[in-house]
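Participant: Sequence:
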Amino acid sequence: MSAQNPLVSIVLAGGRGLRLWPESRRQRPKQLCRFINNKTMLDHTLDRLKLAGFGQVLIVTSDDLKPSIANLVQNRDDAEYITILSEPEGKNTAPALGLALAHLYPFQEELIIGVFPADHHVLDTEAFVHSIEKAVQAARLNQVATIGITPDRPETGYGYIEQTYWEVGELPDVYHVRSFCEKPDQPTAKSYVESGRHMWNSGIFIGKAHTFLEEFKQHLPEIHEKMLGGLESYLSSYSYLPDISLDYGIAEKCERIAVVPADFGWSDLGSWEALSELFSADGKNNCINGQKVVALESEQCLIKQEEKNIVLFGVENLLVVESGDVVFIADRNRSQDIRQVVAELEAKQHLDLL
1 MSAQNPLVSI VLAGGRGLRL WPESRRQRPK QLCRFINNKT MLDHTLDRLK
51 LAGFGQVLIV TSDDLKPSIA NLVQNRDDAE YITILSEPEG KNTAPALGLA
101 LAHLYPFQEE LIIGVFPADH HVLDTEAFVH SIEKAVQAAR LNQVATIGIT
151 PDRPETGYGY IEQTYWEVGE LPDVYHVRSF CEKPDQPTAK SYVESGRHMW
201 NSGIFIGKAH TFLEEFKQHL PEIHEKMLGG LESYLSSYSY LPDISLDYGI
251 AEKCERIAVV PADFGWSDLG SWEALSELFS ADGKNNCING QKVVALESEQ
301 CLIKQEEKNI VLFGVENLLV VESGDVVFIA DRNRSQDIRQ VVAELEAKQH
351 LDLL
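Per my numbering, residue 1 is the first one in the sequence shown, and the count goes up by one each step.
Misleading hints may appear alongside valid ones.
With a Cα cut of at most 20 Å, we get these calculated EDC-like pairs of lysine to aspartate or glutamate [what the hints assert, rightly or not]: (1) Lys190 - Glu222; (2) Lys348 - Glu316; (3) Lys66 - Glu80; (4) Lys253 - Glu222; (5) Lys183 - Asp337; (6) Lys39 - Glu89; (7) Lys39 - Asp77; (8) Lys183 - Glu299; (9) Lys217 - Glu109; (10) Lys284 - Asp268; (11) Lys39 - Glu346; (12) Lys284 - Asp331; (13) Lys50 - Asp78; (14) Lys292 - Asp282; (15) Lys253 - Asp243; (16) Lys183 - Glu162; (17) Lys39 - Glu306; (18) Lys183 - Glu194; (19) Lys183 - Asp282; (20) Lys183 - Glu155; (21) Lys66 - Glu232; (22) Lys190 - Glu133; (23) Lys50 - Glu126; (24) Lys284 - Glu299; (25) Lys292 - Glu306; (26) Lys253 - Glu214; (27) Lys183 - Asp247; (28) Lys190 - Glu155; (29) Lys50 - Glu155; (30) Lys308 - Asp325; (31) Lys39 - Asp124; (32) Lys253 - Glu225; (33) Lys50 - Glu80; (34) Lys39 - Glu277; (35) Lys66 - Glu89; (36) Lys292 - Glu307; (37) Lys50 - Asp77; (38) Lys217 - Glu110; (39) Lys50 - Asp124; (40) Lys217 - Glu194.
For the record, the hints were derived by calculation from the structure and aren't laboratory data.
With the hints as extra help, turn the sequences into a complete structure.
Facilitator: Next comes the structure, spelled out in structure tokens:
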């Protein structure tokens, strides 16, 4: 807890992680998967936020995930500081943030909130905390501060933030934002990395609660109006709220948005390719997670194994995932297209596989 401003984190935990199917499913989406050290991604997130000084946590999730998340939270030693809020229906990140703000309203004076995805991976927790401290300093100057990740490769799966060279106040290494950029094609991503001015968009936002309220009033007045009525009023109006992200609805239009360039080993683990960075690689660039995998005359495959023995012979660029009752095999180059598989299974009523 800050001596100058109380800190509250809002953790957005309602996503489904479709590109990580079949590991990520409706009742066990990505944020509840145990990819690292047998802890859920949500647990890792909550641990980092505690170290960063956020004394109170609001988790926003869906009605169907609330029991699973409540069960996880009750086994934590900081459970008394965590509140779980559920959306009546799936919307996007702007209405989800509005739900948390409606719960907090009227705000404690000088309250600072941080908005965090529930399911990202961070290697260097100390560097993460340092970046958050810088963002909190910018928030005290009435900025909405975001964390920009210094790119180490041309990545087409992330949005980008372009910084100016104007620092915020007298804060070192905190810059005004020039623009937010859509997920680029490969040549554009390469030019972004070479520019030295573009960073990956982490989806983290920090600002005073009153600052966020003012931005909602200006850019999303229909959400702002319902927030002022408190939680029950907001929930009863939820189905009528716009389905829009915080990036599109607020960040891209905000004139007082700042970015903190950061490098703390970040990944959104949003696809099997991203997750493969955590797997061990053999001499033929097969990324393997599991003890019962044999890859013979096979190259560039990504394999995740649980119980069954998996043997590959004479193949290249395959994605092979064993998860519970499903063995999924695909062209590794199409791992970003798994949403199509999920949509087709849903259309054909294979709901037991989802």
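Participant: Of the numbered hints stated earlier in the document, which are not met by this structure?
Facilitator: When the structure is compared with the hints, numbers 1, 2, 6, 8, 10, 11, 19, 22, 29, 40 turn out to be violated.
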